[in-house]
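Protein chains: 2
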Amino acid sequence: MSKKPLILVSNDDGITARGIAHLVKVMKEIGEVLVVAPNGPQSGMGHAITVGDTLRLNESSVFEGVKAYECSGTPADCVKMARHFVLKDARQPDIVVSGINHGSNTSISVLYSGTMSAAIEGAIEGTPAIGFSLCDYSHKADFSHAEEIVKRITLQVLEKGLPRGVALNVNIPPKRNEPVKGIRICRQANAKWVEEFVQRFDPNGRSYFWMTGNFVNFDKGEDNDEWAIANNYVSVVPCQFDLTAYSAIPTLNEDWSILN
Amino acid sequence: MSKKPLILVSNDDGITARGIAHLVKVMKEIGEVLVVAPNGPQSGMGHAITVGDTLRLNESSVFEGVKAYECSGTPADCVKMARHFVLKDARQPDIVVSGINHGSNTSISVLYSGTMSAAIEGAIEGTPAIGFSLCDYSHKADFSHAEEIVKRITLQVLEKGLPRGVALNVNIPPKRNEPVKGIRICRQANAKWVEEFVQRFDPNGRSYFWMTGNFVNFDKGEDNDEWAIANNYVSVVPCQFDLTAYSAIPTLNEDWSILN
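Just so you know, the protein sequences line up as chains A and B, in that order.
Residues 3 to 262, numbered by the numbering used here, are exactly what the first sequence covers, in order.
Residues 3 to 262, numbered by the numbering used here, are exactly what the second sequence covers, in order.
Bear in mind the hints are in silico, worked out from the structure with no lab data behind them.
A few of these clues could be false.
Intra- or inter-copy, both count: the list cannot distinguish identical chains.
What the hints assert, rightly or not - Here are the simulated DSSO-like cross-link-like pairs (lysine-lysine), alpha carbons at most 30 Å apart as the crow flies:
1) K194 / K162
2) K194 / K142
3) K177 / K222
4) K90 / K194
5) K6 / K194
The structure displayed is predicted, hence computed values, not measured ones.
Pulled out of the complex, with its shape left as it was, chain A reads as follows (with noise of 0.2 Å):
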């Protein structure tokens, strides 16, 4: 009998957070699991890393039967600290999965995504790896129906690996009184925020800001993530961490004149 695959598991809400909970839960069904998650909320960390301060781990009793530390750092510092002290010389994951986030990540805010950069750092490091997003930002949602998601998900890309260099951007509608249609793999919609920073006072006196916003979908195509949440499919998106626009090549090379 083959070796149970080892699975890292993190995310951006912080070790105590509802959506980890479901997340080890199916993953005990999997595999061996070991957890390095953030100490506390790290949402909209993006792909931070910490520099020029220090970091913390303690191991934590928060998951019963399962290895787990939780770091004072960032998502991407936890797969990064997973790896290169936790599992130093060690046997290194088989996967890394990351979530399961509360609220969406699909399109653009996939840059701002604490659950995508532990996905991400997974990736740069040659490991098959998965971010999973709930797209309900309500206090009380609910994250049963995604377990079975997570589940076969996992599985497939177990059974099956991903092309070098990829992470997947899962993304689950919230629970509907019909079952999720099925599983799409897709783009990222062409969508951004509009921010509004709403200005209070202090007691001082002095002006603080919250930033609020509102998400603007511009794309009409029926192949990307926000079609797939808003017709109730789970958007599986393949992201790279190449960022290089290799189409502007050419253009930039022909159009500059300052080249040589």
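Position chain B against the provided structure of chain A, taking the given hints into account.
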């Protein structure tokens, strides 16, 4: 005579860093300048934004004759506040420039770079945007040779524009005995950081860590940013914020048995 371009300047080393002073100096020669930059170092912040916490924004007199604000947030926050608060209902920038970063942002470092997140944020808004970095980490790094290069590239972008959805990641070689050989359009090199965590103990006997690391370059090509810098060329990588790995979509559609 045409109106002078409105130039939004930000960075990630903070509003008092040396690199942004050089950048503002050059931009004043080109157009009307507005600075919104972090009130302290934000290196390694990747594309982080401030969610779940408040932001401060205060006018700054750091730059003579230039309207400037210091912001408590990340580089991405700065660009968002510039556009949707400082310039709300006003003329929007013709270009966003970020830097000059004190250190390299070649290859995979683009993901962790606050400098580039400010530029990418500009590109998301549809504005031509450039992140400039000087590949010299030394305390005494000489930025003087960068000014001419920054000016030429900025003028070129103002003249020609940039493809939509693209921001430029410009890295400038350290000052050497001979002038730079030229400017090259490059792709992001295939390289990564291998971290080491140096463990220390605080006065209470509790452990903490410093993240250090070595940069490992796997790339043998001569068309990438690492090669350019090593060979004394300025590297210009067009970067995109659509992370979709398009080539992986048909692969996954063929391989996976759980789709419908």
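Broken hints, by number: none
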